[in-house]
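Please model the complete structure; the sequences and the hints are all you need to start from.
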Amino acid sequence: MTILATYPVLNFAIHFSFACLTIALFAGLYRLLTGPSLPDRIVVMDLVASLVIGLIITYIMLTGKPVYLNVAVVIALLVFMGNIAFAKYLKRRIEQ
Amino acid sequence: MESVILQIAARHMRPLLIILSVIVLYRGHNEPGGGFIGGLMLGAAYILYAMAFGVGKTQNRILFSPINLTALGLLIALLSGVPALLSGMPFMTGEWVTFFANSAFELKLGTPLLFDVGVFFAVAGMLMLVMFSIMEE
Amino acid sequence: MMEWIVSILLISGALFMLVAAIGVVKLSDVYMRMHAITKAASLGAILMLASVVLWHPQWIVGIEALMVVLFVILTSPIGAHMLARVAYRMKVPIGDGYVMDELKDAIEKGDLDGDSENKITDSIDQEKI
Amino acid sequence: MRSILNIFVRFVRLLLFILYYLKELVLSSLYVAWDIITPTDLMRPGFVEVPIDLKNETAIISLANLISMTPGSLTVDMTPDKTKIYIHAMYLHDKEQFVKKIKGELEHKIRLIFE
Amino acid sequence: MTTGLFIALLILLAFLAPLTRKYLKNAAGWLYALLPLTGLVYYLSLLPDIIDGQVITETYAWIPVYGINFSFYVDGLSILFSAMVLGIGTFILIYANKYMHTYPMRSRFMGYLILFMAAMQGIVVSGNLITMFVFWELTSISSYMLIGYHHEKPESRTSALQALLITGFGGLALLGGFVLMGQPYGSYELSVLFSDPDLIRSGSLYLPALILVLLGAFTKSAQFPFHFWLPGAMVAPSPVSAFLHSATMVKAGVFLLLRLNPVMGGTEAWHIMLTAFGGFTMVMGAWLSISQTDLKKILAYTTVSALGTMVLLIGNGTQYAINAAIIFLLVHAMYKGTLFMMAGNIEKMTGTRDITKLGGLYTYMPLAAFIMTAALVSMAGIPPMLGFLGKELMYESKLMAPTVRYLLLAATFFTNMVLVFLSLRLSLDVFWGKTPQYAKTPKEPYFPLLLGPALLVMASLLLGALPGLLAGPFTAGAITATSPLHPALKLKLWHGFNTVLLLSFLTLLAGAILYRHKHAFIRFAEKINLKYFAREFSKGFYKAQNDFLVFTKLQTSRIQHGYHRFYLMTIFVVASALVWVVIWRADPIMLELNFADMPLNLVAVLALIITAALSAVVSHSRVIALVAMGVIGFGITIIFIAFSGVDLAITMVMVEVLMVILAMAVLYHLPKYTKYSDTGARMRDGLVAAVVGVFMMVLVLQAGTSQLDIPISEFFKDKSYSEAFGRNIVNVILVDFRALDTLGEITVIAIAAIGIFSMIKLTKK
Amino acid sequence: MILILPIILPLLFMVILIFTRRWLFFQQAFSLLASIGLTVLAALLLKQVYIDGATTLQMGSWPAPYGITLISDLLAAIMLLTTSFVAVVVMIYSPGFIDRERQTAGYYPLVFGLLMGVNGAFLTGDIFNMYVWYEVMLTSSFVLIALGGSAEQLRGSIKYVTISFVASIFFVAAIGILYGQAGTLNMADLAYKMRTWENMPYINGALMLFFVAFSVKAALFPFFFWLPASYHTPPVAITALFAGTLTKVGIYTMFRFYSLFVVQDVLFWKIFLLVIAGLTMSVGVLMAASQFDIRKILSFHIISQVGYMVMGLAIFSTNAIAAAIYFTIHNMLSKTNTFLAGGLVYQRSGSYDLKHLGGLYKTAPFLALLFFIPAMSLAGIPPLPGFFGKFFLIKGGFEAGDYFITAVAIAVGLFTLFSMVKIWNEAYWKKAPDGETGNGKVGTSAIAATAVLAAAVVLLGIFAGPVMEISQQAAIQLADPYHYIEAVLNISSK
Amino acid sequence: MLFLLAVVIGVLYGSAVYLLLRRNIFKLVLGLIFLGHATNLLLFVASGLTSGYPAFLRNIAGETEMMADPLPQALILTAIVIGLGVTAFALVLVYRFYSVTKTVDLDELSENE
Ligand code: NA
Ligand code: NA
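Chains as they are written, first to last, in our numbering: chain A, 1 to 96; chain B, 1001 to 1137; chain C, 2001 to 2129; chain D, 3001 to 3115; chain E, 4001 to 4765; chain F, 5001 to 5494; chain G, 6001 to 6113.
Be aware that one or more of the hints could be misleading.
SDA-like mimics (lysine to any residue), calculated; alpha carbons at most 20 Å apart, straight line [stated by the list, open to error]:
hint, chain 1, residue 1, chain 2, residue 2
1, A, K65, G, M6067
2, D, K3084, C, V2061
3, F, K5355, E, F4548
4, E, K4675, G, S6110
5, B, K1108, E, K4761
6, C, K2091, A, P36
7, B, K1108, E, K4672
8, B, K1108, B, V1097
9, B, K1108, E, N4546
10, F, K5362, F, G5350
11, E, K4761, G, S6110
12, F, K5355, E, V4550
13, E, K4553, F, K5355
14, F, K5355, E, N4546
15, A, K65, C, D2101
16, E, K4672, A, P36
17, E, K4672, A, E95
18, A, K65, C, V2061
19, C, K2104, A, I94
Worth flagging that the hints you see were computed from the coordinates, not collected in a lab. Note that the coordinates shown come from a computational prediction; the quantities given were computed from them, not determined experimentally.
If you want it as structure tokens, here you go:
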């Protein structure tokens, strides 16, 4: 992390990003807790997934290890399957 | 009736995920990935397909039944340890072959990679089996 | 110079995500909130990834970043679509100020309940793997 | 020879399309962002039916996804025969204009690439 | 060689008997009897060599590391008992084969009887405590099978169980006792024990060993307070009673006392315990027999009394007492065996063994009347039967007893008086007197049924008439073996006029007087029928057994109550407590907390995880819980990324998504949450959860800051590329360094897959 | 080299059996032959270890303590042989007992999965690898116990799965703490290092966590709940297999860990284990007394008898360990045998409930004998092996001066006898309550298997001498951890 | 940092235990999943934390750069996979349980003991 001492602007940007994403996370949490409908709560997972991609990128910038990008790839690729599963479940509940 | 958009997407993503899973498997020894992650991805390809088209159609798209795929994976993993036995070393001692040595395309293949292939199939097979079993109900 | 560009990209991406999250809190109904989320994923991620690629100008990073973008574009709307679709059908109430609702009519007419199973046109689907 | 040329043309169109789409993305994002952050309320939400003429499935899914990725619109459903698409729009000040934007610009450019 | 072979043959015969009996029919008894008869002859032929203390030993190594051998040790005591076991056994086999003629499953019965004989014979010739114990337990088991012969009758089963439990209890105690005895010697060989008899007596283990051994002996020999199983065992067919419960098995305890007398006897503890329990049992048995009307019950109680007498005499330990004990042992075996067989005969011929329903049998079965009366004469101690000799010695020894002489004398006098009374009653009331209406006309029992009793009575007469010639040499070896310091007395029928003769005479007189006033006497005995020791003891045993079952049921319902969550709660709470105790005992170093090093970004992620976890816990919606689960998964992914776990993070994301899908697929079928628990339960569970959570937290916190050695993974960093050709060390570990783990892991996966597959497939129908 | 075979051969067999799952006869025959092969292998291993001392194998040629070490000392070889033999018997038994659906639904592959896990746990010298084998074994057992999916089975397996899962969690948590502190996973390496550290509170804490985990598997008080809740639910062949293998793995591991890792506060551990042992044996036997289902009685007895083994461990003198090893062998055989005999009763009469049984002594004397032998063995009647097991333990207890626990052990013996006789009285002696004893067809193979095992039980008693001698050798090895450490690390440390 | 991670682990364990003590069978499974997460995290945390140095070698052997301990990661991976297998099985078990007994109340499990 000594690298960042030589890049004060980037350092600031990284921490600023962390701050933004953190606040965003809590916003998502608020929605999870308040709802009101089930789809409202479910989409929080999507939001968190996006924010996690953001966090991963921020960590890449922080540590200088782009290898973490692999995690973002997987999140981008697969998280929507969770939504589909939720949707299928909700659909069944309508049908019943 | 399932969403058309989902069905189209599933059709597109299945080959994509399969190719990616193989890449992930291959890269695993040097980069993030490996048999397990690749296997999950392969399984995910078919789970997505099954969520869009139902289990029956999905099973028609697979050469091996999931349970045989799992067993095949186990067998491959097991056999990857045998070359060592044949050359008198303890089970699972890595045996490596180098192609194009000292060139830009130097390629090392070894039994640990084969082992990872076994993991790949076993995990994928198990995942499919589980999901198909439950989704079929 | 590059440091500045990268920093601005990073911050703007993060800000976009933040805005999307604020949208999730503020917007009036579930459909609107879904808008916000898909967008956070798209533009926010694209901007932030751009900063990574610029800061680490390697092929592999570029490819991976592109993959993230492509996958986000490919998958995120599908998830949102599935949820919005089911949300509408389970009658999650819409907010105030709606100017029209053509979906309701379509559902009542039954336009959306047909069967497309026999209409697979693509060939990529036929081989077994 | 002809097919190579064809591919090249399509590739150029794709690049142009990406630029166009990025422009749209940024503009509408800023618009929505402004609307969210500030207490202004410009929203006129609604569900709109948009007929589509694309035949290629890849083209259809691209259209549907790009609509969703564009701020202000979200693909909610599609008829099984893939002829109509239902969109949740945030700013339905003018339905005709909205449909025209989707069909005339987005769908048209996509068709140029895929068909 | 011979002894071992002989026992092996007996056991073989036991297994052959059930297979062959149905072909041999009536001849079976005679043929089987040849084997014990041969043994009898063999052992009697050893008598001249043995008589002066010589010993024949045989050893077959079994578990030599532990000093356990199949050893045999044949001395005078062994021969005396062998003669009883095999001699009476010979007749019993003949008797039983005829007696059981009409009974079902008699082939198996014969097998058990022979097996028992083998076991009993094994006990008396054992040269190793453990060998002896093996046979000891074998007698318990075979007698269990014999007592439970009428196993379809509940009282048979309960009596068999009762006998087994009591002797089994004794057996276990005995085993403990034997182990303790062997400890100072480092051996269980009798020869070793006898070579240094004071070693155990002077050691600290003596008293516990003694108590345990006595428990074994007392239970087997039906001493108070374990006496009650013996009358209960009378549900067995008469051959069993005649063999096991008079002549042999119940004598095993007495044998044990005699056998161990050289090493365990002679101490004050030995003396007090044997005298007290033996004496009390003697009187109690006699008293309880007075008011019985069942022929076999009477005999059973007199047996209890006789066993008490023997224990008392052994405890006494003087020269006269040991002599008396040995002689009385022989006397009792002969008359009691006869009496039981005759009781069986009477029951067989008349259909009853209630003496109030018997009478005048002399007219129908004169021979039987003669035999039985002769045996009763012996029991009453009237010359010239052997019983007289026994009684004489008994009085003699009491007069010389070291302590409480007159009390013992009175007790013995009382007991013998009752025996006289019973002898009169059993002969006069059964064979003479009023003849009741019999269901069928009684007749003389068949020859095989009378052979044994007749020969035993004759032997008794012979031995009694010529004591110096026959009984003397016969018992001398046993007496020497039991009590090496006291030589055998010279036996003779006539001692001249002395106190003992006077006592004998008075006994007869008193018995006769009592018989004259038998109704009053019986009423009196019934009035003070020592209820507590008779019926109530047995009842008490059943009650204890039932209470025990009630208790176990209660205990089971408390512990294995079926409520899954309380099982889990118990496990969590106990585990936490135990771990904490260990850490606390090891004097943990308490660490200072470092609050400075907390990146804000991670703090937020952690807060997210915590909030999500809590909302999953409190949520009433399963969907919310699952979303929360997904969110937690993402949070953990970030933690993995923040601390360099790339593959971990990828895996976590994928697994989490798949888990959500899977859970949704299952939820698809389940009904909605219902609120089951009340607030109190929630509070309690919350408390438990908090305790476990805090416990784990502290554990991680403490353990995470200390390290005792460098991790072995440095090796992997060195070798990963150079020798395993991979840059992703985590993957190289998985597929190479620790591939065996991964092989196991995919096996788990495969097995789970089969499980899911078969679970769905099998229950589809 | 022979060391790896007991692990990979079952896996190979499992794979083959999965592929051939539809061919019932092949499955039956192959499984029998395969398990016989494993037994022969185990016997060879035992012979080798007996002659040459502990033998090791470094997986993948990576040296200890970095790679995974496989090691077999006598104890491991003994356990391996006994387990394989039990498996052979169960393989003979199963075709005539388990219904066709279950047999083709993965029963045979799962048995080999179980064996793989069990063998792995016996042979591994690596703590995390041990966890993996535990999971292989447990997952197989989860499936086996639920196989068939009757309501009763599902009820039982939910408890079984959950509690086992919790135990596994303790296991992993302990590994985490252990690795964080010591930086090693190799058992010999750890044992060696632990003898150099003065204060290691968290390693000791982790040790207790391990202990809890193994106690759950071994069904010690108060962690045994899963066992009586689940063991009576599957077909009795499966229960018999479990009775002969599963809890014993927990005990084996406990022996191994105790020998290697209990270096501090030894007295505390001893007293603690003695208390646990006493409670386990007495609570188990008392609960057994209250039951009326043959399988439940036998299940509770498993608990009680595990207490004896722990008693031997707690005393930890050579004689006591040897006694516990002998006792364990006996218990694996006799307990399996009683379950199998109970299964015969069930086939004959259609019930396991003593209240509905009766008359079998009269109508089926051979079946009665087949029950009587192992039951009397369990009750400790000489010259059957149960007697020797108990005798050796009592001897070990008295020699070590642990009189109280020995007295408890003796007393528990009586209640064991009570329960066994209770089954005998009710199922065999009593008149059948509804007048007939049932006339179900009893599988020939099932009878044969039970008879083979009963014969083995008798032989174990008769040849107690040689078996005890081997146990004694095993105990000597176990009592001296340096034997193990040196074999793995190739260092001479004394 | 360790402190906060310890708190998270504690909360996860606490939540898991609380869920395991519920009567609803689905919560039981949820509890198992949580327990697995908590333990994986514990394994990760207890074996030392290294920030920003994933265990990848960039150059040829002998490189002595700072790096996170790869071994616990491999162990956790294995544990996660095993956990996945077992949890999947448990989920199906729960599903079967419900479809056979028609109840999700764990207290009804007690009836057969
Ligand atoms: Na893996
Ligand atoms: Na540490």
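Right, here's what the structure says about each hint:
For the given pair, K65/A sits about 12 Å from M6067/G by alpha-carbon distance, which is consistent with the 20 Å threshold. Proximity of K3084/D to V2061/C is assessed by CA-CA distance (about 39 Å); at most 20 Å being required, the pair is judged violated. A threshold of 20 Å between alpha carbons decides the hint, and for K5355/F with F4548/E the separation of about 19 Å falls inside it, so the pair holds. Of the pairs offered as hints, the one joining K4675/E and S6110/G holds, with about 19 Å between alpha carbons and a cut-off of 20 Å not exceeded.
For the given pair, K1108/B sits about 43 Å from K4761/E by alpha-carbon distance, which is inconsistent with the 20 Å threshold. Of the pairs offered as hints, the one joining K2091/C and P36/A holds, with about 13 Å between alpha carbons and a cut-off of 20 Å not exceeded. Taking the CA atoms of K1108/B and K4672/E, the gap is near 55 Å; set against the 20 Å cutoff, the hint is violated. Only pairs whose Cα atoms come within 20 Å are accepted, and K1108/B paired with V1097/B is accepted, the gap being roughly 6 Å.
Restraint check for K1108/B and N4546/E: not satisfied, since their Cα atoms lie roughly 76 Å apart, outside the 20 Å limit. This hinted pair checks out: K5362/F and G5350/F have alpha carbons roughly 17 Å apart, not beyond 20 Å. Annotation: proposed proximity of K4761/E to S6110/G is violated, straight-line Cα distance about 27 Å (limit 20 Å). Restraint check for K5355/F and V4550/E: the C-alpha separation of about 17 Å stays at or below 20 Å, so the hint holds.
Using a Cα cut-off of 20 Å, the hinted pair K4553/E and K5355/F holds, with the two alpha carbons roughly 16 Å apart. Using a Cα cut-off of 20 Å, the hinted pair K5355/F and N4546/E holds, with the two alpha carbons roughly 16 Å apart. For the hint linking K65/A to D2101/C, the alpha-carbon distance of about 48 Å lies beyond 20 Å, and the restraint is violated. Proximity of K4672/E to P36/A is assessed by CA-CA distance (about 18 Å); at most 20 Å being required, the pair is judged to hold.
The suggested pairing of K4672/E with E95/A holds, with an alpha-carbon distance near 15 Å, which does not exceed 20 Å. The hinted pair formed by K65/A and V2061/C meets the criterion: a straight-line CA distance of about 10 Å does not exceed 20 Å. Between K2104/C and I94/A the alpha-carbon distance is near 16 Å, which keeps this suggested pair within the 20 Å criterion.
When held up to the earlier numbered hints, the structure conflicts with 2, 5, 7, 9, 11, 15 and fits the remainder.
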